[in-house]
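Taking the hints into account, I'd like the entire structure generated from these sequences.
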Amino acid sequence: MSTSGEIPAPRGRPRIFLVEDHAVFRAGVKAELGDAVDVIGEADEADAAIELIGERLPEVVLLDVHLPGGGGLAVLRGVLPHHPEVQFLALSVSDAPEDVIDVIRAGARGYVTKTISGPELLQAVYRVAAGDAVFSPRLAGFVLDAFAHGSAAPAAGLDLELDQLSPREREVLRLIARGYTYKEVARDLSISAKTVESHVSSVLRKLQLSSRHELTRWATDRRLV
Amino acid sequence: MLGGVCGAVSQATGIDVTWVRIGTVLCCLASGIMVFVYAVAWLMIPMEGQSSNIYSRAIRDKRGIRLVVAVLVPVLILLSVITSTLHMPFLGFISWPTLLAAGLVVLIWRNANDSEKEFLDHEVVPLLGTDVHGQGRRHLLIVRIVVGVAIGAMGIVLLVEGHTTIAALKPVGGAALVVAAAVIVFGPWWLSLVRDLIAERQARVRAEERAQMATHVHDSVLQTLALIQRSSDDPQNVVRLARAQERELRAWLFEGRPPGVISEEANLLGEGVSLLQRQVEADHGIAVQVVVVGDCELDEALRALLDAAREATVNAAKWSGADQVSVFAEVEPDTVQIYVRDRGQGFDRAAVPQDRQGIAQSIEARVSRFGGDAVIRSAPGEGAEVQLRMPRRERVK
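Respectively, the protein sequence lines represent chains Z and H. Each residue of the first sequence is one higher than the one before, starting from 1 at the first, in our numbering. Each residue of the second sequence is one higher than the one before, starting from 1 at the first, in our numbering.
A couple of the hints might just be wrong.
[As the list claims (entries may be wrong)] Partial pick of chain Z residues on the chain H-facing surface, computed with a CB cut under 8 Å: (1) Asp145; (2) Arg174; (3) Ala186; (4) Leu189.
[As the list claims (entries may be wrong)] Mimicking DSSO-like on lysine-lysine, the simulated pairs with C-alpha atoms at most 30 Å apart in a straight line are: (5) Z/Lys183 / Z/Lys194; (6) H/Lys318 / Z/Lys183; (7) H/Lys318 / Z/Lys114.
Honestly, the hints are just simulated from the structure, not real lab data. Heads up, the beta-carbon is just placed ideally off N, CA and C, and yes, glycines get one too.
Here it is in structure tokens:
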């Protein structure tokens, strides 16, 4: 999604925890991230992950969505209520929309597919460690689709502000879906990179908090299996 | 005719097969014992051109024997009780051998090999009216219901009309009690048999599924792995193969499309874009990242838009030098837009060689013919983006 070096490495290496059931993939991720991060623990199933994350309190958890013992969702639900400061970046081979939407709604700060390259993954880790959201083009597409334009007027009682994307947010998402980096988005819209970040974070917040029923319906409509 | 027994007899004795058949049928009508004899002969005489008879296989079919015994024994006991209480020995005379024969036929059915089974399927199943797949299924069902109701009504009428006295109803009541007793005694056994049969059937279905899965995996994944091993010195080819395989596997696992049967004709924009993705990835060994927002049916104009997008993607794959192209398609109420973007070397439109200029024009010409437009944004070193827009003729939904 981006060229390396766009986000400066934070002071000190981010402390990473890997939750992933494929040993080969775990080894691959560690090799790719190399010395840029400090991998302080690994787990291959949900219960062990919840316990270890609670003990070691990493900055960023790389979380496989499809995990034995309840999947990535169980980990998010087991950790976040007690340790809201831990950031989650979801990883998956599946692009299935309902998986993506579910982990984001459960509190993950971003979502990337496992085909992501090492430098891109590192970027995503830095971004999540800094408290920002990571939107892959695909996730941006999902969100645009889920908050579809001009859908019927929201039902009474729904929070209008939460249930709709602002035109600017829509523009930002569209550019991300087109493959633009945050920096390129900023240049294209003549705004600062920080503003792009805040738009994306606001979209993430809406995605997580919206009670909009279309969101669930959209995800189930798209259920592919 | 049924099991080929008459044919075998006529071959052995030299009597014309028609006479043997007529004789057999007459004997069957006169006495049920002949039916039994026929079934035994069926078991014992090997099929033409085969060394083993069905009997040798049936004797090893423990479950089948159990099934036959479990059903036959109670029914026979019941029959003997009922016939003796109702003083109708003729009923027993016919039904004993017929029942035994039925048991044997079940064994034959279970142990027939494939060619024999095929014969049975063709010749016997339509006679019994149990062919659930046939077109006449509804028809047969109606016939069965009518016949069943008629027989049941007849029985009730006979019972009520013929023996109105309580005394005469006694044996019937006795028979009912015996039936109930048989159900209580043998019921669990029957149930377990039925469960066994169901389990056996499920195991067969699972085995079939496994075989199908194995075929799919062999046709796709194993073949690709073999190809990858052979081209291990060509990393680019390995990547291309792996990517194509991933795409195919994904389509199979998550979208239920069997590998190798991908329709070349798309009807929806989303399908069209993923087809474009697969083709360009397979032909040019480059990753195409696709995001589609919304979907709609393809008409002539949108097909032209897709063609233009394919052209743009192929261009990016050929010239840009980037290892990835992003394609973003969005369906809006009144327009469809497709963006094709790469991070390659880019180009200066004014300094483009004539042949590439031609391609760019072909992209523009394609969409403008249907009232759309194309914008190409690029600068040396900054990659390129082709923005395509097509107004929608029909608003679907």
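Could you check the structure against the hints above and give me the numbers of any it violates, in ascending order?
Hints 3 and 4 contradicted; others consistent.
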